[in-house]
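Protein chains: 2
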Amino acid sequence: MKRTELKINTKTKKYSVIVGSNILKNFNKICSKKKIIFEKSLIIIDKNVPNLLKKKLINNLKSKKKILYIFNANEKNKNFKSIRTIHQILFKNKFNREDCIISFGGGITGDVAGFASSTFKRGLKFINIPTTLLAQVDSSIGGKTGINNEYGKNQIGSFYQPDLVISDTDLLCSLPYREIICGYAEILKSSLIYNKKSFEYLDKNLKSILNLKSSIIQKAIINSCNLKKKIIIKDEKEENLRKVLNLGHTFAHAYEATLGYSKKLNHGEAVILGIKNAIRYSMQIKLLSKKNYTLINNHLYKIKMKHKFNQIFNVQDLNKILKFMKLDKKNRSDKVNLILIKNFGQIETNYQTNCNNIKKFLYEEFN
Amino acid sequence: MKRTELKINTKTKKYSVIVGSNILKNFNKICSKKKIIFEKSLIIIDKNVPNLLKKKLINNLKSKKKILYIFNANEKNKNFKSIRTIHQILFKNKFNREDCIISFGGGITGDVAGFASSTFKRGLKFINIPTTLLAQVDSSIGGKTGINNEYGKNQIGSFYQPDLVISDTDLLCSLPYREIICGYAEILKSSLIYNKKSFEYLDKNLKSILNLKSSIIQKAIINSCNLKKKIIIKDEKEENLRKVLNLGHTFAHAYEATLGYSKKLNHGEAVILGIKNAIRYSMQIKLLSKKNYTLINNHLYKIKMKHKFNQIFNVQDLNKILKFMKLDKKNRSDKVNLILIKNFGQIETNYQTNCNNIKKFLYEEFN
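Protein sequences appear in the order of chains C and G. The C-terminal residue of the first sequence carries number 367 in our numbering, and the numbering is unbroken. The C-terminal residue of the second sequence carries number 734 in our numbering, and the numbering is unbroken.
These are calculated hints, taken from the structure and not from any lab test. Hints are supplied without guarantee of correctness; some may be wrong.
Said to hold, decoys possible - Straight-line distance between alpha carbons at most 25 angstroms, and here's what the computed PhoX-like set of lysine-lysine pairs gives:
| # | chain 1 | residue 1 | chain 2 | residue 2 |
| --- | --- | --- | --- | --- |
| 1 | C | Lys230 | G | Lys378 |
| 2 | G | Lys564 | G | Lys580 |
| 3 | G | Lys610 | C | Lys13 |
What the hints assert, rightly or not - In silico negatives: residues of chain C with every beta carbon more than 10 angstroms from chain G:
| # | residue |
| --- | --- |
| 4 | Ser21 |
| 5 | Lys33 |
| 6 | Ile36 |
| 7 | Asn59 |
| 8 | Phe91 |
| 9 | Arg97 |
| 10 | Lys213 |
| 11 | Tyr261 |
| 12 | Lys264 |
| 13 | Lys276 |
| 14 | Asp317 |
| 15 | Asn319 |
What the hints assert, rightly or not - Now the in silico label distances, taken between C-beta atoms and shown as ranges:
| # | chain 1 | residue 1 | chain 2 | residue 2 | range |
| --- | --- | --- | --- | --- | --- |
| 16 | C | Phe80 | G | Lys433 | 20 to 30 angstroms |
| 17 | C | Lys323 | G | Gln683 | 55 to 65 angstroms |
| 18 | G | Lys400 | C | Arg178 | 50 to 60 angstroms |
Since this is a predicted model, take the numbers as computed values, not measurements. Cβ atoms here follow ideal geometry from the backbone N, Cα and C, with glycine treated the same way.
Input sequences plus hints: build the corresponding full structure.
See the structure below:
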């Protein structure tokens, strides 16, 4: 299995996601084949990407004018100031709509680069080359772009599909274990949404995936992307179906916001805590069977994530967490919309509950 | 002719444009019929809209929570600060994606309200009620949103279709003559793009239109909207066909930018100067016949616009004008892309020329 191509047809754009080992060296060939042609390109590179990888991309990109912008990617810099900086570079270099922004980094870089692309002269070309497992399986697909502000994560943003996504699994080798767990959180989430079989595959191959064993990780990435593809082509703008992808995320986003997006808990870790909460909530209201709850909970245990809810938060944090949960974009009234699980492959997307119930539920984490 | 409905089906949204006399009183009924339901609404009202009209809208809008934001609409306030102010109001009032922004004003208000809608939590509901002739025939249809910056007009923005457009022709009665000319510029442009017959209709009825004679103005608005509809459903994101709508605008945008968007020359007046330039350029390069040039030029003369090019600009301004023309979003390389006219209904959208030629051409305006 050298290279797999997923074709995604949304209402607004048709594009390919190419997943494989050592495919970055064919960057230029892939662009030509896909008829993505541009004279100028701005490459937004996550500061954390190793130099060797940077050079690999730059050497394999043929574009009359290449401009590099090294972006210090973290949740705090995922703000309007960064968008403005990128726009200024584009204006100064006289970019027009036929030119291209290339994102080379994790999900934060992709979200910022995508939002900058979508709003500059109402839309530039946009190629996403995710360098983290999380970005490869999640944020690079689906066209969500955005920035944070004082009201929470991704509160300002747009839906803007890329022209191409290249996920080279060789880029993952330099990632620390915490980053691998991050991406794995989304792979696991996908399997829970998909079916029991895909969950069992993960349960059986957990160790190989976390060790990035080439063929296994590639299969896991493709499965995960495939599910996301199926969902977004049916519901590009998150009107309903797409909400299943938020399993565990209503909790997770609030946790991150409460901690001010600190490195204490990164996104994927928050998602794992969020999934843990979502399955327990689902079991408590008798949506999920005890048996399935135990299966999933044991799997979460095997991931060996260091962070436990009651080590990160204290009782005083609960009000803050709830404040952020109420701001969630999915909410349709004053209640909080939780995404829960009935069974493998069966997600409840419209469970409305009030803050008091959630507070009581989270309080139990301290017992 | 009491009310006409145009249905617009773009790739991203299906929506209606309703044109008629005294239809604002049915605002609530129209929303229900179109199944546009929301609990909270933010009404962004152009400061220039007379109080009587404001009350008319507010009294006819049933929404659990109505928030008013009076916007001092001018090109200088069409900036990011205004977007931020609107977003802050939305956050403070806990708006979510099911809620609605209603724009009640001219094109500037609509562009700002639309851009704010498209970027808040990746998209709110958006209803546009244009109160100027220009906005009714032009900016309210097509989904272009945007703000200005130091690099020019609408340099930052998005494509975002509204959920509904209500064009009540009674709103036009309080407009000053300069504002009527503004809207007329776009009506004229549409006729040139459309066919000779529609131009002849305007030439015959010019006086009645400029005096806002009810049935005639309604017909002129609908014809103009209809043409725009035909074009945008074929080319939502301005890839090629939609460029015909920019006839005269490459010049016009640069004129406005050169004057710092001052009230000396408003958008429609700039478009009339731009059309004047475009037809003369087209004739000089033998694209347009002398006979047709004279027909159109005489018509422009009859509009009795006070502003002449050589009274507004001096020779020293030419470099500045060219600098802005080079920044035009339609340009695909270092050359300037002019939109020219071959005949009634035949537009040349890809005429590339260099700055020197344009400079020489504009210099002739001073002789």
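Do the hints match the structure? See the list:
1. C:Lys230 <-> G:Lys378: The given pair, whose Cα atoms are some 19 angstroms apart, holds under the 25 angstroms limit.
2. G:Lys564 <-> G:Lys580: OK: Lys564 of chain G and Lys580 of chain G at ~20 angstroms, within 25 angstroms.
3. G:Lys610 <-> C:Lys13: Since the Cα atoms of Lys610 of chain G and Lys13 of chain C sit roughly 20 angstroms apart, the hinted pair holds (cutoff 25 angstroms).
4. Ser21: Correct as stated: the minimum Cβ-Cβ distance to chain G is 33 angstroms, above 10 angstroms.
5. Lys33: At roughly 21 angstroms from the nearest Cβ of chain G, Lys33 of chain C sits farther out than 10 angstroms, so the non-interface label holds.
6. Ile36: holds, 14 angstroms
7. Asn59: Holds, since 25 angstroms exceeds 10 angstroms.
8. Phe91: violated, 5 angstroms
9. Arg97: violated, 6 angstroms
10. Lys213: It holds; Lys213 of chain C is separated from chain G by about 36 angstroms at its closest Cβ, greater than 10 angstroms.
11. Tyr261: Per Cβ check, Tyr261 of chain C is outside 10 angstroms of chain G; nearest 17 angstroms; holds.
12. Lys264: holds, 25 angstroms
13. Lys276: holds, 26 angstroms
14. Asp317: holds, 21 angstroms
15. Asn319: Per Cβ check, Asn319 of chain C is outside 10 angstroms of chain G; nearest 16 angstroms; holds.
16. C:Phe80 <-> G:Lys433: 20 to 30 angstroms: holds, 28 angstroms
17. C:Lys323 <-> G:Gln683: 55 to 65 angstroms: Roughly 57 angstroms apart at Cβ, these two residues keep to the hinted range, so it holds.
18. G:Lys400 <-> C:Arg178: 50 to 60 angstroms: holds, 54 angstroms
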